[in-house]
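Trainee: Sequence:
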Amino acid sequence: MDVLLLEKEAVENLLPQKFPFVMVDSMLSYSETSLVSGYTIKSDNIFFDSNAFLEAGLIEHMAQSVALHTGYQFFLRNETAPTGYIGSIKEIEIKKLPKINDTIQSTVTILQEFAGITLVDIVTTLNNEEIANGQMKTVLAK
Numbered sequence: 002m003d004v005l006l007l008e009k010e011a012v013e014n015l016l017p018q019k020f021p022f023v024m025v026d027s028m029l030s031y032s033e034t035s036l037v038s039g040y041t042i043k044s045d046n047i048f049f050d051s052n053a054f055l056e057a058g059l060i061e062h063m064a065q066s067v068a069l070h071t072g073y074q075f076f077l078r079n080e081t082a083p084t085g086y087i088g089s090i091k092e093i094e095i096k097k098l099p100k101i102n103d104t105i106q107s108t109v110t111i112l113q114e115f116a117g118i119t120l121v122d123i124v125t126t127l128n129n130e131e132i133a134n135g136q137m138k139t140v141l142a143k
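Mapping of the sequence shown onto my numbering: position 9 corresponds to residue 10, and the numbering continues sequentially without gaps.
Think of the hints as simulated: they come from the structure by calculation, not from any bench. It is possible that some hints are incorrect.
[Stated by the list, open to error] Below, computed lysine to aspartate or glutamate pairings styled on EDC-like, alpha-carbon distance capped at 16 Å:
#1 LYS96 to GLU56
#2 LYS91 to ASP45
#3 LYS138 to GLU114
#4 LYS138 to ASP122
#5 LYS100 to GLU130
#6 LYS19 to ASP45
#7 LYS138 to GLU92
#8 LYS19 to ASP50
#9 LYS143 to ASP45
#10 LYS91 to GLU61
#11 LYS97 to ASP50
[As the list claims (entries may be wrong)] Per label pair, the in silico range of CB-to-CB distance:
#12 THR34 to ILE101: 18 to 24 Å
#13 PHE22 to ASN79: 36 to 42 Å
#14 ASP103 to PRO83: 14 to 20 Å
Note that the structure is a prediction, hence the values are computed from the model and not measured. Even glycine gets a Cβ: it sits at the ideal position worked out from N, Cα and C.
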């Protein structure tokens, strides 16, 4: 059973995105090299259409999961997190789109981190079934 480390309000305080663009509402685990985030899809989501959470929403959820890892690192050091950007997306595979009220989870694994550039592997699941995966490179603004 996953333990909720941070709830919606605390998560939103660590992300540069604000409503209606927030695609992460919980942090279930954290280490220096990994994070598990969660998100429950609601009908008012800007990426929700025709009873499905769109591909762009899944990719944004994945990217914000990386941002949450970075934001939490800075929070633990009592520092303000800089804004980050997606530098590149590599080999994203989307196998299934979640529906309204589904809760997805993404596991972020840090592969490499150097000079504000982070390379991550991300796997997104729904009810323990992998629905998306890929790699991203994120860059912190200087």
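Trainee: Now, for every hint given, state plainly whether the structure supports it.
Mentor: Each hint, compared with the structure:
1. LYS96 to GLU56: Status holds; Cα separation ~10 Å.
2. LYS91 to ASP45: It is violated: about 29 Å lies between the C-alpha atoms, which goes past 16 Å.
3. LYS138 to GLU114: Between LYS138 and GLU114 the Cα gap is close to 9 Å, so the pair holds against 16 Å.
4. LYS138 to ASP122: holds, 9 Å
5. LYS100 to GLU130: holds, 14 Å
6. LYS19 to ASP45: holds, 14 Å
7. LYS138 to GLU92: The hint holds at about 12 Å.
8. LYS19 to ASP50: violated, 20 Å
9. LYS143 to ASP45: Distance of about 34 Å is beyond 16 Å: violated.
10. LYS91 to GLU61: Within the cut-off at roughly 14 Å; holds.
11. LYS97 to ASP50: holds, 14 Å
12. THR34 to ILE101: 18 to 24 Å: Distance hint for THR34, ILE101 is violated at roughly 33 Å.
13. PHE22 to ASN79: 36 to 42 Å: violated, 26 Å
14. ASP103 to PRO83: 14 to 20 Å: violated, 32 Å
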